[in-house]
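*Asks:* Quick note, the sequence shown lines up with residues 938 to 1328 if you use the working numbering.
If you're looking for bench data, these hints aren't it; they were derived computationally from the structure.
Yeah, the Cβ is synthetic: ideal placement off N, Cα and C, and Gly gets one too.
Accuracy of the hints is not assured; some may be wrong.
Said to hold, decoys possible - Lysine to aspartate or glutamate pairs mimicking EDC-like chemistry, simulated, CA-CA at most 20 angstroms apart:
1. Lys1006 to Glu1083
2. Lys1186 to Asp964
3. Lys1043 to Asp1116
To be verified - Ranges between beta-carbon positions, derived for each pair:
4. Asn1216 to Glu986: 55 to 65 angstroms
5. Arg1031 to Ser1264: 19 to 29 angstroms
6. Val1007 to Val1179: 52 to 62 angstroms
7. Asn1122 to Glu952: 15 to 25 angstroms
8. Gly1215 to Glu995: 29 to 39 angstroms
9. Ser1035 to Lys1010: 39 to 49 angstroms
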Amino acid sequence: MYYSSTIYDPTQGMEQIFNAVSKFNIDRFLYALQYKNWDERSLELMGNEVATYRRKLETEYDRLVEFSKVFNKEFATMNNKCFSSALIMLRKLRSGISETKRIFTKFCPRARKESLIYAIANKPASVYNYAYISADTYQLPLFKFEEYPACVSGLYNEMEKFFLILIRCIQLCKQVLDDETRIKNDNKYCKYLFDEFKNTVLRDIADIIMMIPHDSEYLSEVKNPAIASRNHYENDEAWAPVGFHNYTKTEVKQLIIKQVLDEEEGCDLTRMEKLLFGNDEQKVHKYRHIIKNFDELILDSYHRKNLPAKYIQMFFQFVGIPFKLESEAVNYFNEIYLSSPEHKFTTVTYQAVNGYKKVVLEDRDGEFAAFTNRVKKRFFTVVTLQNASNF
């Protein structure tokens, strides 16, 4: 045969398949059968084969539906370094697309003289516009569809069901790609997705980021195209539409690590403080002040030697300490608390603080709510009345 089934542009390839499959109808199907000379047994076997394809495609469709729910909610994926989003969609339908080609190939003309002339004229033609079942011009059948053997209607019905599912798959893919384009045109939403991904990364690597060297070769422009791209833009919001779905998760993770390390320079916030509280210097300064003056939050009825572990757990819940950093947070709290010369209590252990998490979260006695009110009244109200320099 003289045709090419290679798809060079994934989007055009998807459109071409969709158009060809959409043409399938009874008249084209019967027209194609006139030229193939299949016997009833061959048609029965082909019907069973297409039925197998349909069941596999139904499974692929279910997986594609689940994938479509999250694809455009992720700033980066594992594949988009090597493949366009359209090709990712097609790869999700790998067997469905290949089996569609097999079906269309079965309905292509044999390699004879007229086929050669047709192929040369079309330089060369694709299976999707070369097959009889997608022909633009065709002869109407001589007999009614009901007059053909059961194997004919059986094959047609299976092909129709297969193509209908394939159309649903392609329509879903096109919708996902349209949504992706819309997102890329929304700088603020891309920035939001980037921030969400950044927060996830920081939570996942919070326990090891302290050990990552700033001069790692993987944090350089030469090794990381995401870092090289980001350096051409003034801020994250300007870059986010460019970065969205254009770099792998690993590349964007390394970009985020570099940003955290870079931000540490020229800033009086430590890397641990950024991991615990974020990059808002004013907010972190406030939390430092609260810890240094934590004794003011402890009720007079408390007379033990060590800091009250329950109070510290309530403070952690109030400021939103990442769960993976709770042990490091206790160490940080002890260090800052002890730096105040007026502190009254000794340090507390992580085990003691962690032991109160469930009690604080449930807050059946209302103590956490009361603690929160004391923090707001003592520290946050004062900030609005006094100059920030007091902190």
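*Asks:* Are the hints correct? Go through all of them and say.
*Replies:* Results of checking the hints against the structure:
no. : hint                                   : result
1   : Lys1006 to Glu1083                     : violated, 42 angstroms
2   : Lys1186 to Asp964                      : violated, 49 angstroms
3   : Lys1043 to Asp1116                     : violated, 36 angstroms
4   : Asn1216 to Glu986: 55 to 65 angstroms  : holds, 59 angstroms
5   : Arg1031 to Ser1264: 19 to 29 angstroms : violated, 45 angstroms
6   : Val1007 to Val1179: 52 to 62 angstroms : violated, 21 angstroms
7   : Asn1122 to Glu952: 15 to 25 angstroms  : holds, 21 angstroms
8   : Gly1215 to Glu995: 29 to 39 angstroms  : violated, 46 angstroms
9   : Ser1035 to Lys1010: 39 to 49 angstroms : violated, 29 angstroms
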